[in-house]
Amino acid sequence: MRIPALIFLLAALSIPMAAHAEEFQSCWVAEVRNPDTGFLDQVTRCRIAGGDTVDYASDTDVPSVLYPNLGTDITGQCWYLTSAATAYLILNRYADGSADVGLDTDPSAPGGIIAIGPTLPRCTSEPTPIDDPSADAWDYVMSYIHDPPEPDLNPEPGQGITGLDTFVGVAVPDDHSASLSSGVSTLEVEIEVDAVI
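So the mapping is simple: the working numbering equals the position in the sequence shown, first residue as 1, plus 485.
One or more of the hints may lead you astray.
[Stated by the list, open to error] Cβ pair distances, simulated, as ranges:
#: 1; residue 1: H631; residue 2: E516; range: 50 to 56 Å
#: 2; residue 1: P548; residue 2: L665; range: 34 to 40 Å
#: 3; residue 1: V681; residue 2: P548; range: 28 to 34 Å
#: 4; residue 1: T571; residue 2: D659; range: 50 to 56 Å
#: 5; residue 1: V681; residue 2: Y541; range: 53 to 59 Å
#: 6; residue 1: P603; residue 2: D521; range: 35 to 41 Å
#: 7; residue 1: G654; residue 2: G602; range: 24 to 30 Å
To be clear, the hints were calculated from the coordinates, so they are not data collected in a lab. We put the beta carbon where it would ideally sit given N, CA and C, even for glycine.
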């Protein structure tokens, strides 16, 4: 009875294990020839952390929750799926696999979704992710410096009266806006100063 148990154990070890949700780096569509029909079938091909790729019949067969992401493949700009949570959403998906993608600027508050045009095709080869536009925006905001204020005195110097209070007035800087483009998406950044202390 030990031999069948050993054969079962060896057979169980040779079956590829399903990847866990956190292991999918990227999933794109690929065409493979069906050995039975000779026709090309579309599959979802996923890169797993560690280097291997696995083919699934469709996106829904991937044993993980998948999120859209933006990237580039050998044909150019495209969208793909990953198991890492992203701020992107599919707004509209079309029969050819292309999609209108949006960016959720604040997942904790409704109404913060902005469309990132134009319509993007689905990646058909392994994608390279693009930079996170929200991180680019924060880098820009944190490095931006308004022009230094020019304080004025009330009353003007030389016209004050001894013993009365003198106040310094500083104007609030004008609003600032900029467009940050990653090639795949454009993000509008607006900086507004509420008060100067």
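| Does 53 to 59 Å hold as the CB distance between V681 and Y541, or does it fail? | holds (57 Å)
| Is the gap between the beta carbons of V681 and P548 within 28 to 34 Å? | violated (54 Å)
| Verdict for H631, E516 (Cβ pair) under range 50 to 56 Å | holds (53 Å)
| query | How does the Cβ-Cβ distance of G654 and G602 compare with 24 to 30 Å: does it lie in that range? | reply | 44 Å Cβ-Cβ, so the 24 to 30 Å window is violated.
| request: Evaluate the given range 50 to 56 Å for the C-beta pair formed by T571 and D659. | output: violated (34 Å)
| Lying within 34 to 40 Å: is that true of the beta-carbon distance P548 to L665? | holds (36 Å)
| message | Between the beta carbons of P603 and D521, is the distance compatible with 35 to 41 Å? | response | holds (39 Å)
Checked against the numbered hints given earlier, the structure breaks hints 3, 4, 7 and satisfies all the rest.
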